[in-house]
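There are 2 protein chains.
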Amino acid sequence: MTLPIKLYTFGTPNGHKISIFLEVLKLAYTVEKVDITKGESKKDWFVKLNPNGRIPVIVDPNVKGEGDNGGLVLSQTGAILQYLADTYDKEHKYSYPFGSIEYYKTLEYLIFQVSENGPIQGQANHFVVFAKEKVPYGINRYLTDTKRIYDVYEDILSRNKNNGSKYLVGDRYTIADFALYSWTGGLKLLDINISQWPLLSKWYQALSEVPGVQEGSKVPA
Amino acid sequence: MTLPIKLYTFGTPNGHKISIFLEVLKLAYTVEKVDITKGESKKDWFVKLNPNGRIPVIVDPNVKGEGDNGGLVLSQTGAILQYLADTYDKEHKYSYPFGSIEYYKTLEYLIFQVSENGPIQGQANHFVVFAKEKVPYGINRYLTDTKRIYDVYEDILSRNKNNGSKYLVGDRYTIADFALYSWTGGLKLLDINISQWPLLSKWYQALSEVPGVQEGSKVPA
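Protein sequence lines correspond, in order, to chains A and B.
Residues in the first sequence are numbered consecutively from 1, following this note's numbering.
Residues in the second sequence are numbered consecutively from 1, following this note's numbering.
Note that these hints are calculated values from the structure, not bench results.
One should not assume that every hint holds.
The list treats identical chains as interchangeable, and a pair is accepted whether it falls inside one copy or across any two copies.
To be verified - Derived DSS-like pairs: lysine-lysine, alpha-carbon spacing no greater than 25 Å straight-line: (1) Lys147 x Lys48; (2) Lys147 x Lys38; (3) Lys161 x Lys43; (4) Lys42 x Lys147; (5) Lys6 x Lys64; (6) Lys38 x Lys48.
Keep in mind that this is a model prediction, so the values were computed, not measured.
Isolated chain A, as found in the complex (with noise of 0.2 Å):
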């Protein structure tokens, strides 16, 4: 028997990463928030978990772990997503086999996601948003370069129009478009309107339709 997974999460685009993706993949799963605002990833018993003080963590109690939480303690949604798809997608409906071409550029669109993607848009998020100062040259350089990393996840769309350009990797979902997904969402909050980007919205649009993509949204409650 499978036990249910914990999730430590906040209702951020990181988040919603992996809320959406255990919907997706319908497994059981507890949710525990962390509310960030309160600065309680940063607490003692949370920085145990993580040491970088970020949600979200996973603990799977199905896997044997060290130390005192009895099970498989996981942060950063790259090995996240890339543990749940190789653990738990086994007939490979959102993955690749391991060691295919297909399953290496997965992890290339993912890391391009985790890597440039999420960190790029929130520092625009931050100098736009956020920031209690206006700094004009941080707001220019992070629209600017976020704008440039949607560019190209087009280019990455149109090079697949052998599946109709609806995927990022090959003739399914995977976790690089699971892992874009809520960032891309995200978009609305600097004022990009998506339309600019043709095959870029309608994968958006498409993958809001995909069963457990709004119920993962709505995570923690």
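Dock chain B against chain A, hints included.
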């Protein structure tokens, strides 16, 4: 027979991650220098290899890939390192078996490097060294966060005291360590003294003596 891997690179921390690991694994490879200061990574022929227009990229002719490159084309340092470890370190000298807890902890810290250490230190480099305008807000923001991230690495090493705090994960160097090495070396560009992190200082010194690390740090010639 294993054919040489082709590495498109330039002398940056991200480029060195790959040449270091290729040297450590003693893999045959050829180097094509892509001068990013002359915009070569934004040229059409290169963007065809990597839609994101950044070095490094590898082409592995031992895997039959799509397109006219005749091999697996891969970018994003995190994906390249994972691919090389999975494919060419079958004896697990510098990796853990696929599916093990240590495999995913390695991925967690690798992704911490590519999604926080690299991007944030890269922004610090921009504001401190390269920006034509002096922007105190940016300088302060990214220097502060860069130091915080190395505090996290010091914490990670301290948690591995069973192994003498010598490795990020378990009892051997992995791609999580090799990915961090060249960025740690780049701290001097920011006038940040590594000696404030005693475990990290020892880790850096020891890693610099691993056969291949010095050689890989000089690529391209």
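Each hint, compared with the structure:
1. Lys147 x Lys48: between (36 Å within a copy, 19 Å between copies)
2. Lys147 x Lys38: between (31 Å within a copy, 23 Å between copies)
3. Lys161 x Lys43: between (47 Å within a copy, 22 Å between copies)
4. Lys42 x Lys147: Intra 31 Å, inter 16 Å, cutoff 25 Å: inter-copy only.
5. Lys6 x Lys64: within (14 Å within a copy, 40 Å between copies)
6. Lys38 x Lys48: Result: close within a single copy only, 18 Å intra versus 45 Å inter.
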